[in-house]
Every structure is written in C-alpha cells, then in structure tokens.
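**Q** Using the sequences plus the hints, can you model the full thing?
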Amino acid sequence: MSVQAALEALPGAQAPDVPVTVIQPTNGWIRLHLRELWSFRELCYFFAWRDVKVRYKQTLLGAAWAVIPPLLMMVVFTLVLKQVAHLSSYGKPYALFSYAALVPWTLFTSALAGVSNSMVANAQLVAKIYFPRLLLPLAAALTPLVDFVIALALLAALMLAYSTAPSAAVLLLPLLVVLTVLAALALGLWFAALNVRYRDFQYTVPFMIQLGLFVTPVAYTTSSLPRAAQAILALNPMTGVIEGFRWALLGTPAPSGATLVISCAATILLLGSGLAYFRRAERTFADII
Amino acid sequence: MDRDTVIRVEGLGKRYKLGATVGSYGRLTETISDAAAKLAKRVRGAPVEARVRGYVDALSDVSLEVRRGEVVGFLGANGAGKSTLLKVLSRITEPTSGRAELRGKVGSLLEVGTGFHPELTGRENIYLNGSVLGMRRQDIRRRFDEIVEFAEVGRFLDTPVKRFSSGMYVRLAFAVAAHLEPDILLVDEVLAVGDAAFQRKSLGKMEQVAGEGRAVIFVSHNMGLIQALCDRAYLLRRGRIAAEGSVPTVVNEYLGSLTTTVRVPVGERDDRRGDGSVKITHLQVDSLDPDGVIRTGCRLKLTLHYESERPLDRSRFVISIYDTTRTGIYLLQSDAKPFLPELLPASGTLSCVTGPLAVTPGTCYVNFAVIRAGVTADFVDNVATFDVAPEQMYGLRQLPSRDAAVAVVDQQWWIGAGEEEGLTSRILNPSLSA
Numbered sequence: 000m001s002v003q004a005a006l007e008a009l010p011g012a013q014a015p016d017v018p019v020t021v022i023q024p025t026n027g028w029i030r031l032h033l034r035e036l037w038s039f040r041e042l043c044y045f046f047a048w049r050d051v052k053v054r055y056k057q058t059l060l061g062a063a064w065a066v067i068p069p070l071l072m073m074v075v076f077t078l079v080l081k082q083v084a085h086l087s088s089y090g091k092p093y094a095l096f097s098y099a100a101l102v103p104w105t106l107f108t109s110a111l112a113g114v115s116n117s118m119v120a121n122a123q124l125v126a127k128i129y130f131p132r133l134l135l136p137l138a139a140a141l142t143p144l145v146d147f148v149i150a151l152a153l154l155a156a157l158m159l160a161y162s163t164a165p166s167a168a169v170l171l172l173p174l175l176v177v178l179t180v181l182a183a184l185a186l187g188l189w190f191a192a193l194n195v196r197y198r199d200f201q202y203t204v205p206f207m208i209q210l211g212l213f214v215t216p217v218a219y220t221t222s223s224l225p226r227a228a229q230a231i232l233a234l235n236p237m238t239g240v241i242e243g244f245r246w247a248l249l250g251t252p253a254p255s256g257a258t259l260v261i262s263c264a265a266t267i268l269l270l271g272s273g274l275a276y277f278r279r280a281e282r283t284f285a286d287i288i
Numbered sequence: 000m001d002r003d004t005v006i007r008v009e010g011l012g013k014r015y016k017l018g019a020t021v022g023s024y025g026r027l028t029e030t031i032s033d034a035a036a037k038l039a040k041r042v043r044g045a046p047v048e049a050r051v052r053g054y055v056d057a058l059s060d061v062s063l064e065v066r067r068g069e070v071v072g073f074l075g076a077n078g079a080g081k082s083t084l085l086k087v088l089s090r091i092t093e094p095t096s097g098r099a100e101l102r103g104k105v106g107s108l109l110e111v112g113t114g115f116h117p118e119l120t121g122r123e124n125i126y127l128n129g130s131v132l133g134m135r136r137q138d139i140r141r142r143f144d145e146i147v148e149f150a151e152v153g154r155f156l157d158t159p160v161k162r163f164s165s166g167m168y169v170r171l172a173f174a175v176a177a178h179l180e181p182d183i184l185l186v187d188e189v190l191a192v193g194d195a196a197f198q199r200k201s202l203g204k205m206e207q208v209a210g211e212g213r214a215v216i217f218v219s220h221n222m223g224l225i226q227a228l229c230d231r232a233y234l235l236r237r238g239r240i241a242a243e244g245s246v247p248t249v250v251n252e253y254l255g256s257l258t259t260t261v262r263v264p265v266g267e268r269d270d271r272r273g274d275g276s277v278k279i280t281h282l283q284v285d286s287l288d289p290d291g292v293i294r295t296g297c298r299l300k301l302t303l304h305y306e307s308e309r310p311l312d313r314s315r316f317v318i319s320i321y322d323t324t325r326t327g328i329y330l331l332q333s334d335a336k337p338f339l340p341e342l343l344p345a346s347g348t349l350s351c352v353t354g355p356l357a358v359t360p361g362t363c364y365v366n367f368a369v370i371r372a373g374v375t376a377d378f379v380d381n382v383a384t385f386d387v388a389p390e391q392m393y394g395l396r397q398l399p400s401r402d403a404a405v406a407v408v409d410q411q412w413w414i415g416a417g418e419e420e421g422l423t424s425r426i427l428n429p430s431l432s433a
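As you go down the protein sequences, you meet chains A and B in turn. Heads up: the first sequence begins at 0 in numbering that gives the first Met the number 0, then just goes up one per residue. Heads up: the second sequence begins at 0 in numbering that gives the first Met the number 0, then just goes up one per residue.
It should be emphasised that the hints constitute simulated quantities derived from the structure, not laboratory data. Given the structure is predicted, the values throughout are model-derived calculations rather than measurements. Backbone N, C-alpha and C define an ideal beta-carbon position, used for all residues, glycine too. There's no promise every hint is true.
What the hints assert, rightly or not - The list that follows gives simulated cross-link-like pairs (lysine to aspartate or glutamate, EDC-like), each with its CA atoms no further than 20 Å apart:
1. B:Lys16 x A:Glu35
2. B:Lys204 x B:Glu188
3. A:Lys127 x B:Glu188
4. B:Lys104 x A:Glu35
5. B:Lys336 x B:Glu308
Said to hold, decoys possible - A short list of chain A residues far from chain B (calculated; beta carbon distances all over 12 Å):
6. Thr20
7. Gln23
8. Pro24
9. Leu33
10. Leu59
11. Val79
12. Ala94
13. Ala168
14. Thr220
**A** So this is what it looks like as structure tokens:
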C-alpha cells in the first residue's frame with residue numbers, strides 16, 4: 000500500500016495548530032462550552048433550515064398553516080368566548096386584542112413543542128453522530144420564527160384594517176420575541192432531556208400547552224383578575240411577554256414592573272436549571288435514546 | 000505524544016449498567032418509587048443500598064496508538080466492542096474510564112445516510128448531510144460537483160431522496176461522507192452496502208484518504224475487507240484487545256477464535272422437561288471444515304452422549320437448530336433414515352453429520368429432545384449457541400444478511416422468459432445442453 004510512501008513524502012507536514020480532542024469520563028456538572036457551540040453554528044442553521052423546508056412539503060396550503068391556527072383561534076375567541084364571558088379588551092377590538100396575543104402564544108407553543116421533542120425526533124442522529132447536543136433544541140426553538148414572521152405580517156394587516164397604530168414601545172418588540180423564544184427554550188430543555196429517558200413527557204407537553212392557554216392572559220387581561228391571582232400568573236414566563244406584546248402593538252396599558260420582573264426571573268431560573276440538567280443528562284443520551 | 004501519533008488511547012473502558020439503560024428506557028413511576036423508597040430509608044436512618052442490577056463492560060482497558068497515514072482495522076465478533084469503541088472515539092458516548100487523545104479533525108461514518116431527510120431532495124441532503132458530518136458550507140459547495148459525480152445521481156439531484164432506489168440512496172450518502180476531509184476517519188462497516196462496482200470505488204476512496212496522510216480506523220467482521228484495506232489490525236474480544244499486529248496474524252487469531260467447537264455439559268442443566276428416563280449429558284458441535292470454523296456451506300458434526308437405566312427401544316433423538324427469532328432452521332431426527340438400530344445401549348454416544356449448511360451468517364441456537372414411544376423423555380431448551388461465519392457459496396457475490404434471509408440458495412438469472420429456447424429445462428437438466 001502507498002501509505003508508507005505518503006508518510007515519507009510528508010515528513011512533519013502537520014499543520015501547526017491541530018485541534019486535539021481529549022476524551023475522558025466527566026463528573027458532576029459540565030460547562031456549557033459556548034465556544035464549541037459557536038463553531039457549530041452552521042449546523043444549527045442547517046437543522047432549522049431542514050425543519051422549515053420539511054414542514055410544508057407535500058402540503059396543500061403550505062405556508063398558510065403559519066396563520067391558520069392563530070386566526071381560527073381568534074375567530075372562535077371572538078365569536079364565542081367574548082360573547083359568553085363579556086371579556087374586557089381595554090377598549091380595543093376584541094379580534095385584534097386576542098390575535099395580538101395569539102401570535103406570540105403560537106410562537107411560544109410551537110417552540111416549546113419543538114424543543115421538547117427535539118432529541119427524540121432526532122434519535123438516529125444522536126446515536127450516530129457527535130455534535131453539541133444543545134444544537135437540536137436551539138434549532139427547534141428558532142424554527143417557529145419563520146411562521147411567526149408570517150403571522151406577524153397578518154397582524155400588521157389587521158391593525159391597518161382596524162386603523163390601530165402601534166405605540167413607541169413597538170421598538171421593544173424584538174426583545175419580547177427573544178424573551179418568548181428563551182421561555183420556550185427554558186421549559187423545553189427540561190422536557191427534551193427528560194423525554195430521552197421517560198417518554199411520559201411526550202404526552203405531558205401537549206396537555207401543558209392546552210392548560211397554559213388558560214393561565215396566560217391570551218383571551219383576557221391580567222387586570223381583570225384579583226391582585227393575588229395576578230402575582231401567581233406573573234410566575235408564568237409568558238404573562239409579561241403577552242401583555243408586553245399588546246402594549247407594544249396596540250397601546251394597551253403596560254404590564255406592571257413587578258409582572259415583568261417576576262416573568263423574567265422565572266425564565267432565567269428555568270433556563271439556567273434547564274441548561275444544567277440538559278448538559279448533565281446529555282452524557283448518556285446516546286446510550287438510552 | 001509522538002509527532003506522528005494521531006490517536007492515543009489509554010485504558011479506555013465503557014461500562015453499562017444492566018437493566019437500567021441498555022435496551023429499554025426507564026419508567027418514570029419506577030424511578031420515583033425507587034427514589035421514594037431511598038428517601039424513606041434515609042429518614043428512618045436505615046442504610047441505603049443501590050438497586051443491584053449488575054453491569055456489562057462493553058470495553059475494558061483498551062489501549063492503542065494510531066499514526067498518520069495508517070489504516071487500522073478492528074476485527075471481532077458481534078458484541079466484541081467494536082462499535083462501542085468507535086462511538087467513544089467519535090464522542091457520541093462517554094467512556095466510563097480511561098482516556099483518549101485524538102489529534103486533528105475527526106470524521107466518523109458509523110452508518111450510511113445518517114441525517115438524510117427523506118422529504119428533502121438529493122441536492123438539499125448533500126448540504127444537510129455534509130453539515131451534519133462536520134463540513135463547512137463553503138467546503139460542501141466547493142466539492143459539490145465531485146460528490147454528485149462520485150455518487151452517479153446527477154439526474155435525480157432535485158428529486159426527494161424518498162423516491163431514490165436504495166442503491167442510489169446509499170451511493171449518495173457514501174459520496175458525501177467520502178468527501179469530508181478529516182485528519183482521522185472512523186468507519187463502521189458501511190462499505191458492506193451498494194453493488195460490487197460501487198464497493199470497489201468506495202475502497203479506492205478510502206485508500207486514497209489514507210494515502211493523503213490521514214488515519215483511518217475501520218471496523219468490520221468482514222475479514223476480506225480488512226485484508227484488502229488495512230496495514231495493521233486489532234482483535235477485540237469481549238471488550239478487550241485480544242491481539243494486535245499485522246493483518247494476517249490478527250485474521251488468523253480471529254479465525255482461531257471462531258473455531259467453535261461448542262462443547263456443552265448439558266448434564267448439569269436442571270431446567271429440563273420430560274419423564275427423565277433418558278438424560279443427555281453432553282452435546283458437542285464441530286465444523287468439519289479443516290480450520291474448524293463454522294461457516295455458511297460447511298458441514299456440521301453433532302455428538303451427544305446420553306445415559307439411561309435400561310437399553311432404549313423405539314427412541315427418537317431430535318436436535319433443533321433455530322435462530323434468534325426462534326424460527327426453526329433445521330430439525331435433525333435420528334430416525335429420519337434407517338441408520339440406527341432399533342435397540343440402543345443404555346448409555347452411549349451418538350453422532351450426526353449434516354450436509355453443507357445453507358444458513359446465512361449469524362447466530363444459531365440448539366435444543367434437543369429424546370422421545371420414547373411418543374413420550375418426551377428429556378428436553379432442554381437453548382442448549383448451545385454457535386456463530387455461522389460468512390463464506391462465499393454457490394458463487395454468490397455476497398451472502399444475504401440474517402435479517403434479510405435465513406437460508407441461501409443457488410440461483411441463475413437471465414433476460415427474458417427463456418421458454419422458447421428451452422432454457423429452464425436445460426438448467427434443470429444440464430446433461431441436455433450438451
């Protein structure tokens with residue numbers, strides 16, 4: 000074989016800074032390795048790109064699916080819920096009021112469902128290829144942004160139709176979107192890791208999402224609740240975000256500082272613990288998935 | 000580390016807990032009740048012991064070194080730890096002891112087409128798969144045409160791969176992987192796919208990779224491929240390195256380890272059924288091939304020793320050979336042909352020699368029964384197992400795997416129905432063709 004010749008032809012032709020990988024058992028909590036994560040950013044993009052591409056293949060309505068669910072919910076809320084419960088909507092048209100909340104809510108729920116399922120859905124990859132496992136939940140959290148932008152465009156059209164102008168707070172919208180994605184990622188990381196070991200969580204997440212709709216001020220306003228209930232509701236990371244969305248886009252009253260602080264703190268706590276748990280559980284993913 | 004050493008492994012081990020992780024995933028309720036029981040004990044001040052489930056060492060104390068430009072083969076039977084070693088080296092799973100150091104970019108190819116998405120087109124999958132395997136987008140773009148040409152799927156680039164034939168699918172998948180440019184390439188038997196021409200092409204590609212001064216680790220139980228491809232080899236047995244050195248030495252060692260004279264002292268088994276009037280005490284399975292290897296096409300010799308109080312009349316000895324799914328492959332019956340006398344001595348040895356085995360490579364299981372006057376006298380299940388090694392038979396280019404078929408059969412193919420030329424009858428009766 001020509002290997003010997005090749006060796007002699009290339010004495011010491013090794014590149015000066017060759018990456019050295021050390022493999023050994025790790026113990027306890029593991030660092031995040033953000034640098035490595037960054038070096039794999041292209042793969043994260045490819046995972047998200049794949050999921051977007053695949054999502055509407057062989058569908059009749061294609062991208063219309065981005066707006067159909069929130070739109071139908073809005074119609075049902077307006078026709079049924081509003082009539083029955085006489086809900087306050089800060090004097091805004093109820094259709095607009097609920098749709099402005101359903102858009103970020105849909106982003107949150109599809110991101111949460113995607114992240115929770117990301118490890119199990121890619122079991123084959125996890126078992127056969129190395130990459131930072133965090134890429135899968137990350138990509139799954141980013142994928143629903145495409146649908147979100149489409150749904151947001153429809154919201155803009157609705158606002159135009161109801162001649163409602165956004166307040167100056169609209170500049171905070173990107174921050175609110177980031178908070179939504181982080182909240183979904185925070186909760187989803189826990190479920191993604193738990194799902195690898197206990198498939199129970201496959202059934203938990205859809206149920207939680209259903210339940211979540213009632214404990215998030217999507218169809219109603221927080222201010223219509225008693226004070227004590229408001230404080231508890233603020234623990235839900237999405238409470239501050241949804242109220243913020245409506246404030247930024249429709250000019251409804253701003254969420255209270257306390258609500259925002261509690262919602263953000265809940266997100267940060269969940270994200271920190273979710274990351275730690277995920278990284279710790281990650282070591283055995285390939286063995287048990 | 001020596002300048003040319005690209006892989007150094009020291010005392011690497013991987014231990015799996017039994018029951019807890021392997022095969023099945025845990026049930027939440029079980030974990031919770033375990034945890035609750037532990038907590039209760041702790042509260043009462045009782046000692047807390049871990050649930051003992053036992054463990055299995057998939058790898059233990061593996062040490063090795065690979066230098067630049069080497070193609071190193073890893074041989075071993077199923078379950079010897081080959082795949083676990085590759086998984087640890089490619090960082091898919093963590094070792095539980097020891098250490099490995101890899102110098103350079105590592106590419107691993109544990110399965111062809113990992114990360115392919117059936118709904119995406121060939122073109123899209125090249126980018127996706129390339130990226131999954133660790134290529135940068137610009138590298139993929141640069142080598143795109145080469146990959147397409149190598150895979151010979153040019154016309155179908157914009158077709159979803161779910162409409163690809165399996166051959167096309169595999170060619171495309173291998174082509175992407177072959178164009179990844181790692182310093183260390185870890186390959187697991189993926190070459191056992193595709194038609195012969197493509198296999199040759201793939202082999203050539205791997206040699207070229209090694210020729211460029213990179214290292215290749217190749218894992219297989221196909222001795223032919225190891226011999227064709229590798230400079231050096233290791234033999235793994237039950238998670239340990241059993242031999243290392245030149246390919247012929249290690250291959251011989253491997254063949255030696257396959258020499259499966261299966262000798263079972265069945266007499267000690269107490270989970271037997273039957274009226275107990277006869278007892279089989281020993282069973283031995285030998286290959287009649289000169290090297291003693293049980294392989295497709297070899298003849299088996301089965302020897303059994305039995306004991307009874309009285310001479311046996313109207314007795315039937317039955318040996319069943321079956322596969323993992325408990326599908327029977329062969330049933331050997333002592334009264335199938337009138338070889339044995341009506342009356343057998345009270346104790347003695349019986350032998351049976353079979354014709355060539357038409358079984359595909361894989362594991363076989365043996366059980367037996369003695370039947371006297373229609374009544375089961377002795378029956379022991381799962382007495383012995385043996386592995387059938389692959390061997391060319393009937394001039395077949397490749398044997399089907401056990402998953403695909405249990406038996407192999409001679410065959411002839413031609414174009415058209417062939418009736419008008421009387422081809423069928425000529426094949427059935429070769430003497431007519433003269």
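**Q** Examine each Cβ of chain B, and state whether all of them lie more than 12 Å from the Cβ of leucine 33 (chain A).
**A** holds (18 Å)
**Q** Hey, is proline 24 (chain A) genuinely clear of chain B, shortest beta carbon separation above 12 Å?
**A** violated (5 Å)
**Q** Would you check the hint for lysine 127 (chain A) and glutamate 188 (chain B), treating anything up to 20 Å between C-alpha atoms as holding?
**A** Status holds; Cα separation ~13 Å.
**Q** Minimum C-beta separation from threonine 20 (chain A) to chain B exceeding 12 Å: can you confirm that?
**A** The claim is violated: threonine 20 (chain A) sits with its nearest Cβ about 4 Å from chain B, within 12 Å.
**Q** Does alanine 94 (chain A) sit more than 12 Å from chain B, CB to CB?
**A** Per Cβ check, alanine 94 (chain A) is outside 12 Å of chain B; nearest 36 Å; holds.
**Q** Does valine 79 (chain A) sit more than 12 Å from chain B, CB to CB?
**A** With a cut-off of 12 Å, valine 79 (chain A) remains clear of chain B, as the shortest Cβ separation is near 37 Å.
**Q** Would the non-interface assignment of alanine 168 (chain A) survive a Cβ cutoff of 12 Å against chain B?
**A** holds (38 Å)
**Q** Taking only the CA atoms, is the gap from lysine 16 (chain B) to glutamate 35 (chain A) under or equal to 20 Å?
**A** violated (30 Å)
**Q** If you draw a straight line from the CA of lysine 204 (chain B) to the CA of glutamate 188 (chain B), is it 20 Å or shorter?
**A** holds (15 Å)
**Q** With d taken as the least Cβ-Cβ distance between threonine 220 (chain A) and chain B, does d exceed 12 Å?
**A** Holds, because the least Cβ-Cβ distance between threonine 220 (chain A) and chain B comes to about 37 Å, which exceeds 12 Å.
**Q** So if I understand the rule, the pair passes when the alpha-carbon distance is 20 Å or less; does lysine 104 (chain B) with glutamate 35 (chain A) pass?
**A** Measuring from Cα to Cα gives roughly 13 Å; hence the hint holds.
**Q** Measuring Cβ to Cβ, find out whether glutamine 23 (chain A) lies farther than 12 Å from everything in chain B.
**A** Contrary to the label, glutamine 23 (chain A) does not stay out of reach of chain B, its closest Cβ about 4 Å off (not over 12 Å).
Against the hints set out earlier in the document, violations occur for numbers 1, 5, 6, 7 and 8.
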